[in-house]
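Add chain U to chain F, keeping to what the hints say.
Next come the chains, spelled out residue by residue.
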Amino acid sequence: MEHLILVRYGEVGLKGKNRRYFENKLMRRMEQALKGLPLRGIHRTYGRLYVTMDGEVEEALHRLSHVFGLVAASPAQSAALDLEEIKVAAVQNMQRAAAEGYTTFKVETRRPNKAFPIKSPEVNREVGAEILRQVPNLTVDVHSPEVTLRIEVREERAYIYWQELSGPGGLPLGVSGRSVLLLSGGIDSPVAGWMAMSRGLEIVPVYFHSFPFTSDRAQEKVIDLCRVLARYSGMIKLYVIPFTKIQTALREGGPEELQTIFIRRMMMRLAGGVAEKERAEALITGESLGQVASQTVSGLAATEAVVDLPVLRPLIGLDKQEIIKRAKELGTYDISIRPYDDCCTVFVPRHPEIHPNREAVAKKEAGLVTPELLEQAIAEAETLLITSD
Amino acid sequence: MLEAYLDNSATTCVHPQVVQAMVAAMQENYGNPSSGHRRGQAAEQAVKKARGQVAQVLQVNPEEIYFTSGGTESNNWALRGITQARARQGRHLITTKVEHPSVLDVFRLLEEQGFTVTYIPVDKYGFVDLDALEASLTPETILVSTMYVNNEVGAIMPLLEISRLLKQKAPQAAWHVDAVQGFSKLQLEPHKLGIDLVSLSAHKIQGPKGSGALFARHDLHLPPLILGGGQEDGQRSGTENVPGIVGLGLAASIMWERRETAISHMAQLKERLRQRVLTEIPDTLANGPQDKGGAPYILNMSFAGVKGEVLLRALGDKGIYVSTGSACSSHHAHGSHVLKAMGLSQPMLDGALRFSFSPDNTLSEIDYVVDCLKEIVPKLRRIIAGR
Chain F
1 MEHLILVRYG EVGLKGKNRR YFENKLMRRM EQALKGLPLR GIHRTYGRLY VTMDGEVEEA
61 LHRLSHVFGL VAASPAQSAA LDLEEIKVAA VQNMQRAAAE GYTTFKVETR RPNKAFPIKS
121 PEVNREVGAE ILRQVPNLTV DVHSPEVTLR IEVREERAYI YWQELSGPGG LPLGVSGRSV
181 LLLSGGIDSP VAGWMAMSRG LEIVPVYFHS FPFTSDRAQE KVIDLCRVLA RYSGMIKLYV
241 IPFTKIQTAL REGGPEELQT IFIRRMMMRL AGGVAEKERA EALITGESLG QVASQTVSGL
301 AATEAVVDLP VLRPLIGLDK QEIIKRAKEL GTYDISIRPY DDCCTVFVPR HPEIHPNREA
361 VAKKEAGLVT PELLEQAIAE AETLLITSD
Chain U
1001 MLEAYLDNSA TTCVHPQVVQ AMVAAMQENY GNPSSGHRRG QAAEQAVKKA RGQVAQVLQV
1061 NPEEIYFTSG GTESNNWALR GITQARARQG RHLITTKVEH PSVLDVFRLL EEQGFTVTYI
1121 PVDKYGFVDL DALEASLTPE TILVSTMYVN NEVGAIMPLL EISRLLKQKA PQAAWHVDAV
1181 QGFSKLQLEP HKLGIDLVSL SAHKIQGPKG SGALFARHDL HLPPLILGGG QEDGQRSGTE
1241 NVPGIVGLGL AASIMWERRE TAISHMAQLK ERLRQRVLTE IPDTLANGPQ DKGGAPYILN
1301 MSFAGVKGEV LLRALGDKGI YVSTGSACSS HHAHGSHVLK AMGLSQPMLD GALRFSFSPD
1361 NTLSEIDYVV DCLKEIVPKL RRIIAGR
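Chains as they are written, first to last, in the working numbering: chain F, 1 to 389; chain U, 1001 to 1387.
In case anyone wonders, no lab produced these hints; they're calculated from the structure. As the structure is a computational prediction, the values presented were derived from the model and not from experiment. Just so you know, even glycine gets a beta-carbon here, dropped at the ideal spot from N, CA and C. Take these hints with a grain of salt, some might be off.
Negatives, chain U to chain F, calculated, CB over 10 angstroms [said to hold, decoys possible]:
hint	residue
1	1191
2	1278
3	1314
Chain F stretches covered by chain U per the calculated footprint, using a threshold of three residues with CB under 8 angstroms from any CB of chain U [to be verified]:
hint	stretch
4	207-215
5	248-255
Derived CB-CB ranges, DEER-like [to be verified]:
hint	chain 1	residue 1	chain 2	residue 2	range
6	F	256	U	1378	33 to 39 angstroms
7	F	101	U	1035	44 to 50 angstroms
8	U	1161	F	339	34 to 40 angstroms
9	U	1279	F	235	50 to 56 angstroms
Next comes chain F alone, as it looks inside the complex (with noise of 0.2 angstroms):
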């Protein structure tokens, strides 16, 4: 049997010219996701995506409302351009709902097909009416109703549902293009990374590795995140770059209230390099400001300056409070404060440089690391294919 979900996207359709562009990336990021489900294919018209299905319908609505650029999804039936044939199929998926144990509804008819002869409100009335005499239990409430059924009358059909799951919403991935997301076992970076994936960027992530200073569980916790991340976005390539003969030279070379400037300057190249690699445009990194001391605007420069790429930071108008909020929401917050990581606080430095100077900065960390170090770096990074859990 024939299953159909009608899908409902937002700014997709708002882009002017690129708009074919746009809908066919959601398109095949829809497919991509359906993977290995019994698809039948994916239609538009104006504003909708139909897709059919020989079945499963229940995984597909799961796997599309994290599909980026999507605003819901809702099995529907379809019905010929006819009342009769609408009235039928409106019984039929109120008979469902009302089994379900659902008692008030309303019918909202939108007609875009206006060479449909019966206006929207005559339609609402006469298929409430017809359920009324149908679907025993049910009554009408037009303010507040428990279920909303809805038929939408388009040039070759009719489509009738009452269900709808939210997506994710924003634009399909990979429509902004390529970045490189410098993530750490924390709160902060993945919920960036999934700002930066609903606005339709692809993500690869960095992770840099000090070990013994950081332990192969905060990895572990960095792998559980990516696995989260690739709900939304397909199988997600992970870069782990060794970080600790970097921070040893960094440790032993430069001065104590320098070294988080340091560091974040070494990650910065580092998620360069991989961007080069994989042609990404831009970094994403999970700052905010004023968060800590090398999260001021001056540090934000001082750790931009050396490379090239736009470094763009999502969170920077939000407070720690909507950020864990986020997180929360997203899944990423019971990973990140996994406690792995914070029982190591062995290279924060005291006196932090709160205001660090760019030029001042680059002269004292002139000569500490090579770049045969970092290329080393790079060169010896881990990449992990993930998948979502």
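The following block gives chain U in isolation, referenced to the frame of chain F:
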């Protein structure tokens, strides 16, 4: 790569004979001891034998041994059970500052329930302060809980002296001893000392995880914690963990049989490691008892200027497995409550590692550990100290 597993106070490798006995208990003797048929009776016999083996080590009646899921359950049951039974006789409880979390957390709960708890301090070696204990004993005291061997520094608590104090000053109080780190390796005879409750565990003595026991004196009237099918004389319901119980009994009797040679061997390992580290690596400290009163299988050392967990991981890379404090406390970010109670300075607290031995460790493993420490510690110190 060479390997040295020196985390035997966290858990041990199960003895091959124990594994064999447990496999037999799963594949052949798999009956439910409560069943009326022959298979049930055979399983019941196996449990009975294990009960005898445990009782033998403690020199108590087998009827006084109840099998549990391990040390944590035994501690919970003993402390919650006895305070529930005696709440009307008094509201004062005593324990020490260096107990395992499965004891301390129960006391914190009891405090919330309205009991008054005195936490006895320890001296710089980790021994309980007997004067403080004496001063805190009152006619209102209904329970005293002291551990036998401290899991982090190996201090063997002076149970004989504690016993005398209790008999003199608070004979009415029940006495619980958490003997998880001492059972079957060191002698402990509850009846001789007047101990009412003893917790013990299998996986610290080359037995399986998830298996332990509680000794409760026959006339104690300890109410059960877990209700149900009435197993263990109605005291601990739930179908008996026959393989685990068999494993506990056999592990206890094997350890008990070999304890003299095992103890002198482990004492030798400990002394070699302690001496070599102290003389060959500067700014190190042996925490806990120095020459006597320390368990020969636990050695706690501090390496100033190094974070314990960083050193732990660097050693792990060399196939050397140790712990910072106890394995349980590595779930928490803060430093060891035991070392804090002993008054260690912050750098020594941060740089503390516990080495704990089994009879199967060798002197050459110890030498390998020292060699690795000599290579790693200076390197880490240099990096952590910075310029």
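Evaluate the given range 34 to 40 angstroms for the C-beta pair formed by residue 1161/U and residue 339/F. holds, 39 angstroms
According to a criterion of three or more residues whose C-beta lies within less than 8 angstroms of a C-beta of chain U, is the stretch 207-215 of chain F covered? Our answer is that it holds, as 4 residues pass the Cβ test (under 8 angstroms) against chain U, meeting three.
Does the claim that residue 1314/U lies outside the interface with chain F hold up, using a Cβ gap greater than 10 angstroms? Label violated. Min Cβ-Cβ 4 angstroms, cutoff 10 angstroms.
Verify the CB-CB distance for residue 256/F and residue 1378/U against the hinted window 33 to 39 angstroms. violated, 20 angstroms
Does the no-contact call for residue 1191/U survive, Cβ to all of chain F over 10 angstroms? Given a closest Cβ separation of 43 angstroms, the condition holds.
Satisfaction of the hinted span 44 to 50 angstroms by the C-beta atoms belonging to residue 101/F and residue 1035/U: holds, 45 angstroms
Closer than 8 angstroms Cβ to Cβ for three or more residues is the test here. Does the stretch 248-255 of chain F pass it with chain U? It holds, with 6 qualifying residues against the three required.
Quick check on a hinted range of 50 to 56 angstroms for residue 1279/U and residue 235/F, using CB atoms only. holds, 55 angstroms
Would the non-interface assignment of residue 1278/U survive a Cβ cutoff of 10 angstroms against chain F? With a cut-off of 10 angstroms, residue 1278/U remains clear of chain F, as the shortest Cβ separation is near 23 angstroms.
Figure legend: structure checked against the earlier numbered hints; hints not met, in rising order: 3 and 6.
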